[in-house]
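Trainee: So the chains spell out like this:
Number of protein chains: 6
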Amino acid sequence: MVYVTRIEHFNAAHRLFRSDWSDEKNAMVFGKCANKNGHGHNFTLEVTVKGDPDPDTGYVIDLKRLKEIIHHRVIDRLDHKNLNLDVPFLQNVQPSIENIIACIWQELLPHIPASAKLHRITLHETNSNYCEYFGG
Amino acid sequence: MVYVTRIEHFNAAHRLFRSDWSDEKNAMVFGKCANKNGHGHNFTLEVTVKGDPDPDTGYVIDLKRLKEIIHHRVIDRLDHKNLNLDVPFLQNVQPSIENIIACIWQELLPHIPASAKLHRITLHETNSNYCEYFGG
Amino acid sequence: MVYVTRIEHFNAAHRLFRSDWSDEKNAMVFGKCANKNGHGHNFTLEVTVKGDPDPDTGYVIDLKRLKEIIHHRVIDRLDHKNLNLDVPFLQNVQPSIENIIACIWQELLPHIPASAKLHRITLHETNSNYCEYFGG
Amino acid sequence: MVYVTRIEHFNAAHRLFRSDWSDEKNAMVFGKCANKNGHGHNFTLEVTVKGDPDPDTGYVIDLKRLKEIIHHRVIDRLDHKNLNLDVPFLQNVQPSIENIIACIWQELLPHIPASAKLHRITLHETNSNYCEYFGG
Amino acid sequence: MVYVTRIEHFNAAHRLFRSDWSDEKNAMVFGKCANKNGHGHNFTLEVTVKGDPDPDTGYVIDLKRLKEIIHHRVIDRLDHKNLNLDVPFLQNVQPSIENIIACIWQELLPHIPASAKLHRITLHETNSNYCEYFGG
Amino acid sequence: MVYVTRIEHFNAAHRLFRSDWSDEKNAMVFGKCANKNGHGHNFTLEVTVKGDPDPDTGYVIDLKRLKEIIHHRVIDRLDHKNLNLDVPFLQNVQPSIENIIACIWQELLPHIPASAKLHRITLHETNSNYCEYFGG
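Residue numbers (this note's numbering), protein chains in the order written: chain A, 135 to 270; chain U, 135 to 270; chain E, 135 to 270; chain H, 135 to 270; chain Y, 135 to 270; chain B, 135 to 270.
Treat the hints with care, as some may be off.
Intra- or inter-copy, both count: the list cannot distinguish identical chains.
As the list claims (entries may be wrong) - Below, a list of computed lysine-lysine pairs in the DSSO-like style, where the Cα atoms sit at most 27 Å apart:
| id | residue 1 | residue 2 |
| --- | --- | --- |
| 1 | Lys198 | Lys251 |
| 2 | Lys184 | Lys251 |
| 3 | Lys198 | Lys184 |
| 4 | Lys198 | Lys159 |
| 5 | Lys170 | Lys251 |
| 6 | Lys201 | Lys251 |
| 7 | Lys170 | Lys184 |
Bear in mind the hints are in silico, worked out from the structure with no lab data behind them.
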């Protein structure tokens, strides 16, 4: 069993707030992240699958194929977007990295080839913050 | 003469477009960067000053002081902001890194202590793009 | 269950030696790390907590709060210090990264909010060495 | 129980192909990686051992000793080499990172001192790809 | 005048040697870099152009266009290639980073749009070595 | 003319203070850097030489030779040392990065081979601070 990771990037805007809270409460809870006109990040996404290397190719998964899946299902829909407004699979989701990562997992899971198993997603928001998710 | 650099960070949203152009022209010229609801980046800012080290302290400039100047004049006004809407010194400026860096230079220049001289600003937008400015 | 990590930094001096050993034995066992007047590093500390995202905020933990805890309990006491001489919670501890990380765990554990659980600490000493600790 | 990691580097050429396949099939399956005259990478190798810190030294393992083992068993045999042609322990192995990492594990395992236990190897091929192996 | 840099990557094999020298002399002069079957690197290429930002777009150059030029003229011809054997514009060139960078300059120079001026190329071979070239 | 850079590392302790100043004045001027028992850093040193590539080797300078010179003249004397107490060429020097870099220049200059010319030294103290020196 070998664990293989592909790393991709997307640049997006977001804002943390609740529309049912006052501006004061949003500012108190979310601080600068509640800024009305949003802010943004260079997000780095790591997708790890596990499995046995294929005897012919030595691959757990063809990383070109994994790259295509990540781009088709995630990067093309998040890159240069506003995560509050532009992404159908994040509608009605507070776009914290904890919630984004769980939604990315759901988007990727059905598309990983049967020979490999989705093991972990890591999402870096800044050089100081990242989160990891194992699917449950 | 020694060149000393302080590195700081800000996370911001922006959008590249012209309000006097059609959506089609904005999309053609600016591509994904014209997305209506914006996108964002982790920007990294390097500020370089030059001068002779002080005989007592060995400092060209006290880097704690340079950090305070950068935060007071730039980071506090750009971090977790929308560069199109929230920043007085970027009003009516197309927020490309080329234009942002020249505006940052103008904000910092009057505040650098006389013993040092502002030499260069470097602004990184992603791991693939950065620009440098020497003030003229 | 999501795992969230905050990364902080401290710059410190230390020396590896035993006062009950001869200089020769200290040099033989610890090599350059036994240098009498010490040496130092830029240490990078990663603190990982796990838990379920809060339904209102999407946070496992408010990372501003986690940052404050790490600074109050660890960074403020280690940064720009000599780890052999200046740190009460490292008294009588050989300041190897393995021992430092276990002491940092003890300092942080009682202060992590109940909604999250301390999962892992990672301590980087150089670009070539790091250690991880899961608390037991 | 503390996990300690040493990071080392090697620069090598390789080519992915099967001699029993046609050029067309090799190109279809392996893409650019099948280039006849090879290509290459700066590989980064992380070796993680686990154990209890020694009461005298605070070490799980002397990292100078671990570095020597990694260099003697792995780096000296892979650095500035062609992984298809120059490495006895990779003979008849498709040099994918998944296969290389398992072979490195076998080379290192018998040489780790009894006080520590080989836990994980991580092999980075580019800034976008890496794999991990836990030995089974 | 603003300086704008685009960063791209290619992974390639090479070997340093002279066919008119003996194996012994090649080994003495080039060390491990003379290995008969080659070795390889993840090369990082930075291309810097300078100019005045366009009043409409704020661009010195459209970085998407600069990326296309770099890929068409350089990356597509060097990535996953053997620099001794596979690259017409490096024929009969000793593929040291000093020589490669001057050849890349010649390939790019005629294709940079007139509004910008090619200023500097930086080529990183490893985390320990890089070279810069300003065209003369 | 090509500029070639070699990057090396040293880990050292230092303290900024003047013995002819009171503790209060040292604390006021140097802040945490005046801590009595010192602190430390992982310093990164970049040494850049310039020249014409040799027609036979393609080298401005043999980087193995440049590495040896840097190690012999600088790294071996600064690594795992206390910069206030252990380094003859820094005696009576306030060990700020501005002063250290000028002393390193003096140590290296006489030992660079005649075919190349010492162009620039860069010294990184943390991820936030670095300085550059061109020798005059």
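Trainee: Tell me, which hint numbers fail for this structure?
Mentor: 5 and 7
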